[in-house]
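Engineer: Chain by chain, the residues run as shown.
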Amino acid sequence: MMRGSFIVGIVLFWIITLFTHVEAISRDVAASPYQRYIVYQALILFWIGIIGLVIIIIMKLKEVKRIQDMDVHKEDEDAPFLD
Amino acid sequence: MISRKLEDWITERYDIKGLGRLLRAKYVPSHCLDASYFTGGLTLFLFIVQFLTGMGLALYYVPHSEYAYKSIVDIMTKLNMGWFFRSLHHWGAQLAIASLFVHFFANLLLKAYRKPRELLWVTGFIMIIVLVFFGLSGYFLIWDQRAFTAIRVATGGAGNLPLIGGPIKVFLRGGIDVTQETLTRFYALHVAILPMISLIIIGLHVLLVQVHGMSVPVSQKDKQGQPQPFFPNVFYKDLIIWFLATGIIVTLAVLLPAGIGTKADPMAPAPENIKPEWYFLFVFQTLKLFPGQMAGFNGETIAMTVISLSVLFVLLVPFLDKRSSAGKPSLAYTCIGVFYLLYFVAMTIIGFLN
Amino acid sequence: MKLDHSLVTRRTFLNTLFGGWLAAIASGGLYAFLKFVFPTAGKEPDFVVLNRADFLDIPGNTVKMFAWGGKPGFFLKRDDGTTLAVKGVCTHMECNISYQPDVKKFYCACHKGWFDDNGRNIAGPPPKPLERFDIVITGQKLVIAKKGAKVDLPKA
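Sequences listed follow chains Y, P and E, in order. Quick note: the first sequence uses our numbering, first residue 1, plus one each step. Quick note: the second sequence uses our numbering, first residue 1001, plus one each step. Quick note: the third sequence uses our numbering, first residue 2001, plus one each step.
These aren't lab readings, by the way, just hints derived from the structure by calculation. Keep in mind that a hint or two might mislead.
[Stated by the list, open to error] The calculated label-pair distances, taken between Cβ atoms and stated as ranges, are:
no., chain 1, residue 1, chain 2, residue 2, range
1, Y, Trp14, E, Pro2125, 42 to 48 Å
2, E, Lys2141, P, Asp1074, 29 to 35 Å
3, P, Tyr1067, E, Tyr2031, 27 to 33 Å
4, E, Phe2038, P, Ile1349, 41 to 47 Å
5, P, Ile1002, E, Pro2072, 46 to 52 Å
6, P, Met1196, E, Pro2072, 37 to 43 Å
7, E, Thr2040, P, Cys1335, 58 to 64 Å
8, Y, Arg36, E, Asn2096, 32 to 38 Å
9, P, Phe1313, Y, Arg36, 46 to 52 Å
[What the hints assert, rightly or not] Straight-line C-alpha distance at most 30 Å; calculated DSS-like pairs for lysine-lysine:
no., chain 1, residue 1, chain 2, residue 2
10, Y, Lys65, P, Lys1017
11, E, Lys2146, E, Lys2064
12, P, Lys1237, Y, Lys62
13, P, Lys1078, E, Lys2064
14, Y, Lys65, P, Lys1078
Positions of the beta carbon are idealized from the N, C-alpha and C atoms, including for glycine.
This is chain Y alone, in the form it adopts within the complex (with noise of 0.2 Å):
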């Protein structure tokens, strides 16, 4: 699992810093139109990575309410954890 979270990190940082080339982005050239153009791509791009995330983490929620529910993690000392 660490090695799959890996690999998918690396893809999807690649994906956005091709996206934004974040490094472009300084406050005295910020002031041309193509600069802020840059910078609010870059600013959506990161409001995508966000509620991604917040999406994911509720998915996350409800499996674990699901199993819950199922009361399997009850009495059991040694069960992995619901992460």
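Following the hints, complete the assembly by docking chains P and E onto the known chain Y.
Structural biologist: Same frame as chain Y, now just chains P and E:
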């Protein structure tokens, strides 16, 4: 696999499973006012943001009256992403203070301070004072004309306290006037002394929360639902709030970057229409209510005394509110809490509009 | 579409997606933060322009210092009138060196390193000779340049 090996290495030496059991054993009560439980976690998260962005800024800031202003302009214009991290620090501070005030008023109104949580209240009270000094000292570090004037006014205001006012003023200013000495002091406060104090106090505060568990308001005692496990249910809800908070400060930082005025000049006339930061507006407005002379005393002195005593009263609330501590509804202290909240909100709004 | 059996449980799938998504956002933030913390490094100059008369007219077996960026540089005139320009920083641990006219050598006091009047490391710990510069005389100007650097003098 490396992660498996590392896990084995640690579990052979430390009882990680026990820590996991502890986490799973932690349950959070659920009732219709349990949203207030998230305000503390949010404040903690914003503090972490402040620590991280502050560490970055400390690498570039020059605490000298000649160069402080220029170093901030350089951070904003020359450094990679400097404008972003300074704005993040600026907006993170605003949100941290707002979130702490919400946390404070929520716990004041829900009587979370009542027995046996008095010490939690005391540590929280210290954190409010620490955060106010964080804000004041951080605001001064940019060394522009507004900050300079504001610090002269604020330290001068503290000087109006009877007896202890004079020494406090000299301590804060490092002399009789706001100079380089003041900048050195506020820099030390902002990057060394206050972070140390807050680490200790926040640590104690969080530890005490673990010892006592979450407080259930008196009115909700009999209407509780099934308690939720902290991990994973409540923790993930915390995470959602933290991510949204990150989104908000990043958006504010990008759309409304922190600004800077003209460089401070101790000889220049004060800027037009000066106002303190929003979390000081209520003090500012209160001072305006008092006339210059009252019954032969200096009006400012009386005003500062009244404000200090009202703040001190907040610290003593858990020790005075006997009914709450006995587990009974305490209408008098609900009224006092509502009055404090209304006063704070009203004075802040009036201060804004003026 | 619903599969009866799958090797990946819903929980593993969600955990992987969550971990990866989080790692991506965190590395984006970390990348920006590292860009901020590591400043764009300045570089040493490719050449410095000096006044010819100040340097060529010094007596034999003496040195005259010049500023090479933030570090010292030495202009040496030997007894026979030949010249040498070196960076005045020891190749061992970056201490500043000095010229000893009585033995006609450069000396580094940090760890007792010696260089001869050609900049070669002859005794002590220094692993490499001193960095030698090209000396170019153009009109009234003396240009001291890094070996192989292209010298573009601004048109006066």
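Engineer: So, for every hint listed, does it hold in this structure?
Structural biologist: Hints and how they fare:
1. Trp14/Y x Pro2125/E: 42 to 48 Å: Cβ of tryptophan 14/Y to Cβ of proline 2125/E: about 45 Å, so the range 42 to 48 Å holds.
2. Lys2141/E x Asp1074/P: 29 to 35 Å: Since lysine 2141/E and aspartate 1074/P have Cβ atoms about 33 Å apart, the given range 29 to 35 Å holds.
3. Tyr1067/P x Tyr2031/E: 27 to 33 Å: 29 Å, holds
4. Phe2038/E x Ile1349/P: 41 to 47 Å: 44 Å, holds
5. Ile1002/P x Pro2072/E: 46 to 52 Å: 48 Å, holds
6. Met1196/P x Pro2072/E: 37 to 43 Å: Roughly 41 Å apart at Cβ, these two residues keep to the hinted range, so it holds.
7. Thr2040/E x Cys1335/P: 58 to 64 Å: At roughly 59 Å between Cβ atoms, cysteine 1335/P and threonine 2040/E fall inside 58 to 64 Å, so the hint holds.
8. Arg36/Y x Asn2096/E: 32 to 38 Å: About 48 Å separates the Cβ atoms of arginine 36/Y and asparagine 2096/E, which means 32 to 38 Å is violated.
9. Phe1313/P x Arg36/Y: 46 to 52 Å: 50 Å, holds
10. Lys65/Y x Lys1017/P: 22 Å, holds
11. Lys2146/E x Lys2064/E: 18 Å, holds
12. Lys1237/P x Lys62/Y: 12 Å, holds
13. Lys1078/P x Lys2064/E: Violated. Lysine 1078/P to lysine 2064/E sits at ~36 Å, over the 30 Å cutoff.
14. Lys65/Y x Lys1078/P: 50 Å, violated
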